[in-house]
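K.L.:
This is what each chain is made of:
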Amino acid sequence: MKILGFILSLVYLFAFHAGHTAEYTYSMEDKHINLNFSIDKDEFLMFNLDNNCNTKAMIAFCASRYLLSKSMLMVNGNEVKFELDNSFVQEEHLVVNLRSVDTIGSVDNIEIYNHCFFEVYPNYRNRIILDLEAYQRSYVLTQGKESIFLP
Amino acid sequence: MHNITSKLKILFIVCMAFGQQLIAQPNFVLIVLDDMGWTGSSVQMDANRSESKSDFYLTPELNQFALDGMTFSQGYAPSPKCAPSRNSIMTGKSTARNNFTNTDNNINTGEILIEATSTTTINSSETTYVEWIKSIGMNYRTAHLGKWHLGRGTASTPSNNGFDVNDGTTSNSDGNQGGTVQTDPKKIFDLTNRSISFIQDAVNDNVPFLIQVSYYAVHSDIEARQETIDLYNNPLLRPMGSAHTYVEYAAMTEDTDAGIGELLAGISNLGIDSNTYVIVISDNGGQINFTDNTPLSFGKTFITEGGIRVPFMVKGPNITPNSRSDEAVVAYDLFPTIAELTGSNNALPSNIDGQSIVPLLKGESFTRQKPLFFHSPHYDQNPNKVPRSAVVDGNYKLVANYETGIISLYDLDSDIGESSDVSGSNSAKATELTLILRDHLKEVNASMPTLDPTHVNFSGSGNDVDADGLDDAWELRELLTHTQGPNSDPDNDGYSNLEEYNNNSDPLVTDGPVVEVCDKDAIFANESSHAVCYEVVDNVRKCYTNNFPNHTYGPFGGMNSILAQDFEYSMCLYPELTNTVTQITEDPNSQSCGGGIIFGVSQEGINYSPFARIYFVNPNTQEENINFHVEAEDLLNMDLNGGHVNNVSRYHYHNIPNDYFNNDLNITSAEHSPILGYAADGFPIYYKYLYTDAEDSESGISAFDSSHAMKQGNRPGDGITAPNGAYDGSYVEDYEYIENQSQLDECGGRYGVTPEYPNGTYYYVLTDSWPYIPRCLKGKYVDNSFRIGLNCPDSTAGEDCSEVDLGIGDVRNTSLNMRFYPNPASDVIYVEFESENSTSLIEGIHMYSVHGNLVFSSSQFIDSIQLSHLKPGIYFIQVDTINGQITKKISIQ
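If you read the sequences in order, they're chains E and X.
Just so we're aligned, residue 1 is where the first sequence starts under our numbering, counting upward by one.
Just so we're aligned, residue 1001 is where the second sequence starts under our numbering, counting upward by one.
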């Protein structure tokens, strides 16, 4: 299933035909959880989500700030705090990597909440790709169905 | 007594049966008029052109004929002169194939060209349509009455060419009686009466008949009845026309019409209308000394429409009265047409050019197998008449003027007068028809004109009268023009005419990479309009596009609009097949670049990308099931061209660009699809209209569907973890491949010849049935430039792609992948097989020059061939395998 997560992280990255879609891949590394977020750069700029953040000047910062304000990962009932690790643009896509501040022990259950972009495009699709120990799956969150709970 | 009665009864029944069988055979009356132009009667030949009839001549009988049968608006005589046309009617072949293109061999002098020579008598070894009908065992009685004009020798008599009853080897003069006013002008009524007598006898004898009534009229000398002349001298009875004004000629036309009327009445009186086909044609256009063919240009002797477009009407059983056809037909179609109407299955001569028009007569669909050819490499008394050849393909007509060297293309629909050359604006059609005409003339070894070395224009001599370094005969034969010069490269393959001549290669067919230089920066800088360019770099075809369509697009729904992109695709110029099918959905093992594959790119630079990365989602948990792909065509908003834009305004096709194909490219079922792009593996893409027989370009055109069908029944899923419900096309997995459902394979491709690949290729086909755009690839190399995803490597086409062209025989031997390198080579060429095991299949390797001379041979596998002793040029390496021969072209520098 590691492969699945890896594939999906790449497959979904280029939301070539799926309409308005962003991808969020959660994976484990050295007891930290990494969140890899990717979205078409032009689309993200077009959304102009935060008037208080100079997106053109600090796209990674603005993206991570928006992301963290609109989504949440809870592991074993505890919210996982992320911080920006790095970011780059490749193939016209903005890739933002975040890393959990704290280490995580075993993953017994997961809750994910994601409300990103629905305010600008109600039909937006947020793909969640899990590469967390036993959780090797992918999900699509849409407006009204914005959370996942995995016992 | 009882026994005798029974035998008589049986005999009676046998006789009746025999008699019925004979009567069941249709009769044929072919009326051949002499020099009657398209506008030479009061029949409006084209329903949409009021000027397609005479404004003076009155022909009520022909008008009634048109009401009783079918009128062809684009009917042609095979030649602008009488004897070649009549000979073509006899043989069913083009005048070029017959080498019968003129009535004499009086060569004009002082011209730029020396006319071609022509036979002037019918070839007794040819099977005429009359001989054929006599051979089929149906007891036809045949007659030819009137003008023969196909030679006076023993071998060329009508008797020697199938006619039981005939007037002998008559010619024009046999119809003249001396003086304009005659009681039986041009022997019209004598011919008519004798024709009726022949028919009467055949009916009395209960045998089917075929008669060709070849009226001497309306050829000069002008003859007419006084009473008819009187009619035309009375403007109240026959108002003078503006285009037509010649009274005696008009009277002769109406007298001819009266004769035809009596003949038709005679047939009717015998009660055989229901079983008799009557055909009216003319042997060439109107003679411009006597009549005016406007709106057609010029007339008899010219290969312009005025010289060859003629009255062409047919009536008979099952032909809808007062019907019309705008299909281009020619009188050499009559041989196979009459043959089909007899119901006989006997074979026709193998190399006739005509095609049965019976489907048209029945009102059924008709696909012309090959265009109509006209070859008149002669001068005439009229100084405007110069040697020309022409080909008519529907509404397009291409004319090669051998004197000026100009090759012109006309759209007869909009320009029936051939006044506007559109070869510049429609170069693809001009190129296509030039090649078709050239190949026909080469195939039949047509007699061609030559340059006159005594003409002031020329300073050369021998084989190069125009002193351009090219053999004159080669120029006219291969290029259809002598004015292009040695440095031109009409096929744009990087080889000049001189190089093509020296290499003995085809100057009109690409021998190597297409040389084009693209300014990709300019393309990518264009943000608002269509910009695309294809070029070839070594063995790679490159496409630079801003992905902006050059056709109408939208609306798509949603908020998307098109934005220009900077896309650069690479694909193999010489693609190779593999036994492995590459799905475009996902390719997880492809160098960590697994987002899928764009199927291909269109000629106008838009990508064919039918796959949507949307999967079934569990409605309770939102989890995806990636084994079920949502069919995008079923879900997303497509415009009239089967396209839409994605979330970042990139336009792409999920389905057939129908509006573009139909209204911009004018793709129809009448013609083979043009190339519509290239797949990611380099093989060309076509639409569904293909040669019926994949390997026969003359097999007609058929529309092809895919080999996929929707599954029957219900999906096995529970609706929660996997989709349930009836298969309805919502998911890609709702369809299945059914082998041999059509000629197309699981990737929507097949092997075959195409207009662009006359030697054959594998190619993909866009179909109107799912999957519309193929979903997999069969090529060996699918370049990274078509892959989707991060970390996709740069294009490797330059290293991966074959360096040499592969023929159809090669791609079929997929188990034996080989390459020769370097190519072009100088001192040595290496032979390499993908699999070492392949060498065990080799039974010999040979190398030939373009002239077929063996220059190297080995009875076993070798891995290199020394070339240093060979002259530069094109050679062929032939590999004999246990499965057959594989031949590849190489170049030695």
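There may be inaccurate statements among the hints.
As the list claims (entries may be wrong) - DEER-style ranges, computed between Cβ atoms:
1) X:Q1741 - E:P122: 41 to 47 Å
2) E:K56 - X:D1794: 26 to 32 Å
3) E:C53 - X:D1659: 40 to 46 Å
4) X:D1566 - E:A134: 41 to 47 Å
5) X:Q1741 - E:S106: 49 to 55 Å
6) E:N123 - X:A1703: 55 to 61 Å
7) X:D1659 - E:A134: 34 to 40 Å
8) E:C53 - X:E1799: 54 to 60 Å
9) X:Q1741 - E:N123: 33 to 39 Å
10) E:N123 - X:N1322: 55 to 61 Å
Keep in mind that the hints were calculated from the coordinates and are not lab data.
Backbone N, C-alpha and C define an ideal beta-carbon position, used for all residues, glycine too.
K.L.:
Next step is simple, just say for each hint if it's right about the structure.
P.N.:
Hints versus structure:
no., hint, verdict
1, X:Q1741 - E:P122: 41 to 47 Å, "holds, 42 Å"
2, E:K56 - X:D1794: 26 to 32 Å, "holds, 29 Å"
3, E:C53 - X:D1659: 40 to 46 Å, "holds, 43 Å"
4, X:D1566 - E:A134: 41 to 47 Å, "holds, 43 Å"
5, X:Q1741 - E:S106: 49 to 55 Å, "holds, 53 Å"
6, E:N123 - X:A1703: 55 to 61 Å, "violated, 38 Å"
7, X:D1659 - E:A134: 34 to 40 Å, "violated, 51 Å"
8, E:C53 - X:E1799: 54 to 60 Å, "violated, 45 Å"
9, X:Q1741 - E:N123: 33 to 39 Å, "holds, 37 Å"
10, E:N123 - X:N1322: 55 to 61 Å, "holds, 59 Å"
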